[in-house]
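Take any residue in the sequence shown, note its place counting from 1, add 57, and you have its number in my numbering.
In case anyone wonders, no lab produced these hints; they're calculated from the structure.
Mixed in with the good hints, there may be bad ones.
What the hints assert, rightly or not - Derived lysine-lysine pairs resembling DSS-like cross-links, with alpha carbons at most 30 Å apart:
1. Lys-88 to Lys-98
2. Lys-88 to Lys-124
3. Lys-130 to Lys-88
4. Lys-88 to Lys-131
5. Lys-98 to Lys-124
6. Lys-98 to Lys-130
7. Lys-98 to Lys-131
Small disclaimer: the values here were computed from a predicted structure and weren't measured.
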Amino acid sequence: MPFWTYLLHCRGGVFYTGQTDDLDHRIAQHKSGLVPGFTSKYLPVELVWSQEFPTREEALAAERRIKGWSRAKKLALIRGDWDRISQLARGKSGPSTSSRRTGIEVAPAVLAQLIARATAAHPDECCGILLGEGANITAIVPTRNVHSTPSTHFEIAPQPLIDAHRAARAGGPQVIGYYHSHPEGPARPSATDHADAARDGRIWAIIGQSRDVTFWEDGEHGFSPLSYRVEGG
Numbered sequence: 058m059p060f061w062t063y064l065l066h067c068r069g070g071v072f073y074t075g076q077t078d079d080l081d082h083r084i085a086q087h088k089s090g091l092v093p094g095f096t097s098k099y100l101p102v103e104l105v106w107s108q109e110f111p112t113r114e115e116a117l118a119a120e121r122r123i124k125g126w127s128r129a130k131k132l133a134l135i136r137g138d139w140d141r142i143s144q145l146a147r148g149k150s151g152p153s154t155s156s157r158r159t160g161i162e163v164a165p166a167v168l169a170q171l172i173a174r175a176t177a178a179h180p181d182e183c184c185g186i187l188l189g190e191g192a193n194i195t196a197i198v199p200t201r202n203v204h205s206t207p208s209t210h211f212e213i214a215p216q217p218l219i220d221a222h223r224a225a226r227a228g229g230p231q232v233i234g235y236y237h238s239h240p241e242g243p244a245r246p247s248a249t250d251h252a253d254a255a256r257d258g259r260i261w262a263i264i265g266q267s268r269d270v271t272f273w274e275d276g277e278h279g280f281s282p283l284s285y286r287v288e289g290g
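Can you build the whole structure from these sequences, using the hints too?
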């Protein structure tokens with residue numbers, strides 16, 4: 058009989074880790090609120106990762122290990138980003154994730170879409186994924202902001218992020234960063250942004266209250282501003 062360790066994304070952007078010998082039945086119970094305790098208080102829930110093990114002991118060990126992981130490490134697990142998991146496990150002694158880039162190129166349609174998304178989401182923060190190759194941003198993937206207080210925080214819905222990484226592994230555009238808006242603030246990283254940053258070298262686009270757009274690299278020592286050139290401009 059196989060056993061499973063699983064990870065759920067719950068209301069408010071929190072995660073729940075569990076294990077079971079009947080994955081489909083257990084997830085259905087969680088979604089119906091039939092599992093007393095944590096998940097019944099944070100509905101709706103969504104399965105974002107699972108792995109099969111041959112014994113219950115191995116599944117329990119994986120559950121305990123993942124429960125102790127940081128949020129950044131759990132997000133890397135959902136993406137299947139094992140290089141990032143290893144880097145986080147090594148901590149600050151690991152190599153720098155920063156590309157030391159100073160500038161990027163942005164497709165004209167991307168800038169227009171970022172401003173349009175911020176305008177449509179107001180007074181909440183919009184958010185989504187930046188796609189491209191290297192330092193060239195060619196497209197965005199808008200996502201739902203699933204944070205419990207979307208007017209001042211953002212949380213990218215997990216499934217579009219999983220899908221984007223799967224597509225990248227299959228040869229599609231790479232996930233090179235994320236975007237969000239500050240409906241009542243400037244286009245620069247806030248204290249919340251600094252606290253939530255993964256320090257993984259990805260690009261952040263921020264749309265401010267005056268609809269200006271800035272780009273930042275989330276390096277291991279903090280955010281660094283990036284200049285940008287409009288493609289074809």
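Status of the hints after comparison with the structure:
1. Restraint check for Lys-88 and Lys-98: satisfied, since their Cα atoms lie roughly 11 Å apart, inside the 30 Å limit.
2. Among the hinted pairs, Lys-88 with Lys-124 is consistent with the structure: their alpha-carbon atoms are about 20 Å apart, no more than 30 Å.
3. Distance hint between Lys-130 and Lys-88 is fulfilled; the C-alpha atoms sit about 24 Å from each other, no more than 30 Å.
4. A C-alpha spacing of about 20 Å is found between Lys-88 and Lys-131, which places the hinted pair at or below 30 Å, so the restraint holds.
5. Only pairs whose Cα atoms come within 30 Å are accepted, and Lys-98 paired with Lys-124 is accepted, the gap being roughly 18 Å.
6. Taking the CA atoms of Lys-98 and Lys-130, the gap is about 24 Å. The hint holds against a cut of 30 Å.
7. For the suggested pair Lys-98 and Lys-131, the alpha carbons sit about 21 Å apart, so the restraint of at most 30 Å is met.
In the structure shown, no violation is registered for any of the earlier numbered hints.
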